[in-house]
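Asker: In case you want the letters, here they are:
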Amino acid sequence: MDNKINLSQLADLLSQAGGMSKSASEQFVKNFFDIISQNVLSDGLVKVKGLGTFKLLDMEDRESVNVNTGERFTIEGHQKISFTPDADLKERINKPFAAFETVEISEEQANEIAKMDAEADAPKADAPKAETTKKEASKKEAAKKEVARKDAPAVKDVTQKKSTRIILKAALWLCCIVVILFVSGYVFWPLIGSKLLELSDRYITDGKEIEMISDSTSTAQPYKTEPVKAEPVKTEPIKAEPVKTEPVKAEPIKAEPAKATPAKAEPVKAESVQAIKTLKVKLTASDEAKDLSEFTRDDVVNYVIDGDLDLYTLQKGETLTQVALKYYGSKKLWPYIVKYNNISDPGKLQPGARIRVPVLKSK
Amino acid sequence: MNNKQFLTELSGRCQMSADSAARQVENLIGVMEKLWQDGDSVSLSGFGVLEVKKKNERVSVNPSTGVRMLVPPKLVLTYKPSSLLKEKLK
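Line by line, the protein sequences give chains Z and Y. Quick note on the working numbering: the first sequence kicks off at 1 and runs consecutively. Quick note on the working numbering: the second sequence kicks off at 364 and runs consecutively.
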């Protein structure tokens, strides 16, 4: 693997395969490539059956931009040797991937793929892999079920048209997501769990608030209880998954309590703790644990709003989290935008809405 | 230069018959193919490097219809001319 084979090694192999003497083989290989390089220069084209075509191409002048300085400059016309492998050879080389076909996908899926690609650049590749091998079998099954259930409407038409390969691919991706979610649940469970205990203590001592609690907890309950229930069992990610699939819908509903949190610098109330927790669960789910290690409650309460940064017009299909990501580099800071614009229901924002983006200063 | 001219030239230089030259060319390509399939690259001074590269999957958009296609990953045989050869180009 990954060896560089030079002339003499190639000649050795050829003499074994072709029954020529070593020196004759070496001469043969040398001539073989000499003829190609000489004639591609003089003729501009060399065709070798079984290997491919070498061609001399004239490149015209073209304008380009220096990526560092932004200056325009011309790349002068030059010549270049192109190589097109023989169709047969090309096919045989690509054999390991021959089973894949180009498929049509919807815009939604394309976005999802782009998102996943971006996240795959991060450490994702190594960390989940180790886990995947451990629990691969059960995870894969879980993921497959997940595909059938969750993605059914979206993927259906594609799968009908094009084979089960997509499902397999989706299953693989879901595997990764599931692993990440599993890890996120594992990491945040102690955090959330201890908060819960703390809260319940507080409520018991403060009898008057009990009514309020039942209100606020009832909204937050679905989110909290999920990781709780799921933790001991391995299948937790499956339950957690639905949260992720609807981050856009889920966020706005709960946005109001969340928005109050960062602005109120008062001692943190039971209510706002609750809000932060729901927010946290949502965010970790929707973030797919991308910035797991960095994510603490501090991210959300550690800034104060300090004047206007920009006026932004919302594009179709864009969410406030995306705006936050764009300006602050973090999806988690979207509640500040909600607060600054006095948006009562972030779920009802229309495309084209003008949004003032605040400057954030850390406290 | 087509394949026939190539074989004639090669057989002339190596002082062998055109037939045996053709057979040896087949052998040589077969040997190289095996190397490529094992992930090795063939590097010759004065000529360049022939190696197999993996192209990642990507989403391509048909500019006229806006249809998005998921292009699968593939293995492609690539050629990079040596700097010596490049210098001879204009």
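There could be a bad hint or two in this list.
Covered by chain Y, per the in silico footprint, the following chain Z stretches (three or more residues, Cβ under 8 Å) [stated by the list, open to error]:
{"no.": "1", "region": "16-26"}
{"no.": "2", "region": "30-39"}
{"no.": "3", "region": "62-72"}
{"no.": "4", "region": "311-322"}
{"no.": "5", "region": "333-346"}
List of simulated lysine-lysine pairs, DSSO-like, C-alpha gap at most 30 Å [as the list claims (entries may be wrong)]:
{"no.": "6", "chain 1": "Y", "residue 1": "K453", "chain 2": "Z", "residue 2": "K169"}
{"no.": "7", "chain 1": "Y", "residue 1": "K449", "chain 2": "Y", "residue 2": "K437"}
{"no.": "8", "chain 1": "Z", "residue 1": "K95", "chain 2": "Y", "residue 2": "K416"}
{"no.": "9", "chain 1": "Y", "residue 1": "K451", "chain 2": "Z", "residue 2": "K47"}
{"no.": "10", "chain 1": "Z", "residue 1": "K90", "chain 2": "Y", "residue 2": "K367"}
{"no.": "11", "chain 1": "Y", "residue 1": "K453", "chain 2": "Y", "residue 2": "K367"}
{"no.": "12", "chain 1": "Z", "residue 1": "K47", "chain 2": "Y", "residue 2": "K417"}
{"no.": "13", "chain 1": "Y", "residue 1": "K397", "chain 2": "Y", "residue 2": "K416"}
{"no.": "14", "chain 1": "Y", "residue 1": "K367", "chain 2": "Z", "residue 2": "K316"}
{"no.": "15", "chain 1": "Y", "residue 1": "K449", "chain 2": "Z", "residue 2": "K169"}
{"no.": "16", "chain 1": "Y", "residue 1": "K416", "chain 2": "Y", "residue 2": "K443"}
{"no.": "17", "chain 1": "Z", "residue 1": "K339", "chain 2": "Y", "residue 2": "K443"}
{"no.": "18", "chain 1": "Z", "residue 1": "K90", "chain 2": "Z", "residue 2": "K80"}
{"no.": "19", "chain 1": "Y", "residue 1": "K397", "chain 2": "Z", "residue 2": "K348"}
{"no.": "20", "chain 1": "Z", "residue 1": "K95", "chain 2": "Z", "residue 2": "K4"}
{"no.": "21", "chain 1": "Y", "residue 1": "K451", "chain 2": "Z", "residue 2": "K169"}
{"no.": "22", "chain 1": "Z", "residue 1": "K4", "chain 2": "Y", "residue 2": "K449"}
{"no.": "23", "chain 1": "Y", "residue 1": "K449", "chain 2": "Y", "residue 2": "K397"}
{"no.": "24", "chain 1": "Y", "residue 1": "K451", "chain 2": "Z", "residue 2": "K115"}
{"no.": "25", "chain 1": "Z", "residue 1": "K326", "chain 2": "Z", "residue 2": "K361"}
{"no.": "26", "chain 1": "Z", "residue 1": "K4", "chain 2": "Y", "residue 2": "K417"}
{"no.": "27", "chain 1": "Y", "residue 1": "K397", "chain 2": "Z", "residue 2": "K90"}
{"no.": "28", "chain 1": "Y", "residue 1": "K397", "chain 2": "Z", "residue 2": "K115"}
{"no.": "29", "chain 1": "Z", "residue 1": "K115", "chain 2": "Z", "residue 2": "K316"}
{"no.": "30", "chain 1": "Z", "residue 1": "K115", "chain 2": "Z", "residue 2": "K326"}
{"no.": "31", "chain 1": "Z", "residue 1": "K55", "chain 2": "Z", "residue 2": "K95"}
{"no.": "32", "chain 1": "Y", "residue 1": "K367", "chain 2": "Z", "residue 2": "K169"}
{"no.": "33", "chain 1": "Z", "residue 1": "K55", "chain 2": "Y", "residue 2": "K418"}
{"no.": "34", "chain 1": "Z", "residue 1": "K80", "chain 2": "Z", "residue 2": "K115"}
{"no.": "35", "chain 1": "Y", "residue 1": "K443", "chain 2": "Z", "residue 2": "K361"}
None of these hints come from the bench; they were simulated from the model. Values in this document were obtained by computation on a predicted structure and should not be read as measured data. The beta carbon of each residue, even a glycine, is placed where N, CA and C say it ideally should be.
Asker: Each hint should be assessed against the structure and marked as holding or not.
Answerer: The hints, checked one at a time:
Requiring three or more residues with a Cβ within less than 8 Å of a Cβ of chain Y, the coverage given for the region 16-26 of chain Z holds, as 4 such residues are present. Counting residues of the region 30-39 of chain Z whose C-beta lies closer than 8 Å to any C-beta of chain Y gives 8; at least three are required, and the coverage claim holds. Residues of the region 62-72 of chain Z with a Cβ under 8 Å from some Cβ of chain Y number 0, which does not satisfy the need for three, so the listed coverage is violated. Beta-carbon proximity to chain Y at under 8 Å applies to 0 residues in the region 311-322 of chain Z; the threshold of 3 is not reached and the given coverage is violated.
Interface restraint, the region 333-346 of chain Z with chain Y: violated (0 residues with C-beta to C-beta distance below 8 Å; minimum three). With a CA separation close to 46 Å, the supplied pair K453(Y) and K169(Z) exceeds the 30 Å bound. With a C-alpha separation of about 27 Å, the suggested pair K449(Y) and K437(Y) falls inside the 30 Å cut-off, and the hint holds. With a CA separation close to 13 Å, the supplied pair K95(Z) and K416(Y) stays within the 30 Å bound.
Simply put, K451(Y) and K47(Z) have alpha-carbon atoms about 20 Å apart, close enough for the 30 Å limit, and the pair holds. As the CA atoms of K90(Z) and K367(Y) are separated by approximately 21 Å, the hinted pair is consistent with the 30 Å bound. Pair hint K453(Y) plus K367(Y) holds up; C-alpha atoms about 28 Å apart against a cutoff of 30 Å. Taken as a hint, the K47(Z) and K417(Y) pair is honoured in the structure, with Cα atoms around 24 Å apart against an allowance of 30 Å.
Taken as a hint, the K397(Y) and K416(Y) pair is honoured in the structure, with Cα atoms around 15 Å apart against an allowance of 30 Å. The suggested pairing of K367(Y) with K316(Z) is violated, with an alpha-carbon distance near 60 Å, which exceeds 30 Å. For the hint pairing K449(Y) with K169(Z), the CA-to-CA distance comes to about 41 Å; that exceeds 30 Å, so the pair is violated. A C-alpha spacing of about 11 Å is found between K416(Y) and K443(Y), which places the hinted pair at or below 30 Å, so the restraint holds.
Restraint check: the Cα-Cα separation between K339(Z) and K443(Y) comes to about 57 Å, which exceeds 30 Å; the hinted pair is violated. Distance restraint check for K90(Z) and K80(Z): the Cα-Cα separation of roughly 21 Å lies within the 30 Å cut-off, and the hinted pair is therefore satisfied. Taking the CA atoms of K397(Y) and K348(Z), the gap is about 61 Å. The hint is violated against a cut of 30 Å. Taking the CA atoms of K95(Z) and K4(Z), the gap is near 22 Å; set against the 30 Å cutoff, the hint holds.
At roughly 46 Å between alpha-carbon atoms, K451(Y) and K169(Z) are farther apart than 30 Å, so this suggested pair is violated. The suggested pairing of K4(Z) with K449(Y) holds, with an alpha-carbon distance near 20 Å, which does not exceed 30 Å. A distance of roughly 27 Å separates the Cα atoms of K449(Y) and K397(Y); the hinted pair therefore holds under the 30 Å criterion. A threshold of 30 Å between alpha carbons decides the hint, and for K451(Y) with K115(Z) the separation of about 44 Å lies outside it, so the pair is violated.
At most 30 Å may separate the alpha-carbon atoms for a hinted pair to count; K326(Z) and K361(Z) meet this at roughly 17 Å. Distance hint between K4(Z) and K417(Y) is fulfilled; the C-alpha atoms sit about 17 Å from each other, no more than 30 Å. Restraint check for K397(Y) and K90(Z): satisfied, since their Cα atoms lie roughly 13 Å apart, inside the 30 Å limit. Taking the CA atoms of K397(Y) and K115(Z), the gap is near 37 Å; set against the 30 Å cutoff, the hint is violated.
Simply put, K115(Z) and K316(Z) have alpha-carbon atoms about 18 Å apart, close enough for the 30 Å limit, and the pair holds. In summary, the hint linking K115(Z) to K326(Z) is supported, as the alpha carbons are separated by about 14 Å, within the 30 Å threshold. Proposed proximity of K55(Z) and K95(Z) is supported: the alpha carbons are some 25 Å apart, at most 30 Å. Restraint check for K367(Y) and K169(Z): not satisfied, since their Cα atoms lie roughly 45 Å apart, outside the 30 Å limit.
Distance restraint check for K55(Z) and K418(Y): the Cα-Cα separation of roughly 22 Å lies within the 30 Å cut-off, and the hinted pair is therefore satisfied. Simply put, K80(Z) and K115(Z) have alpha-carbon atoms about 36 Å apart, too far for the 30 Å limit, and the pair is violated. Taking the CA atoms of K443(Y) and K361(Z), the gap is about 51 Å. The hint is violated against a cut of 30 Å.
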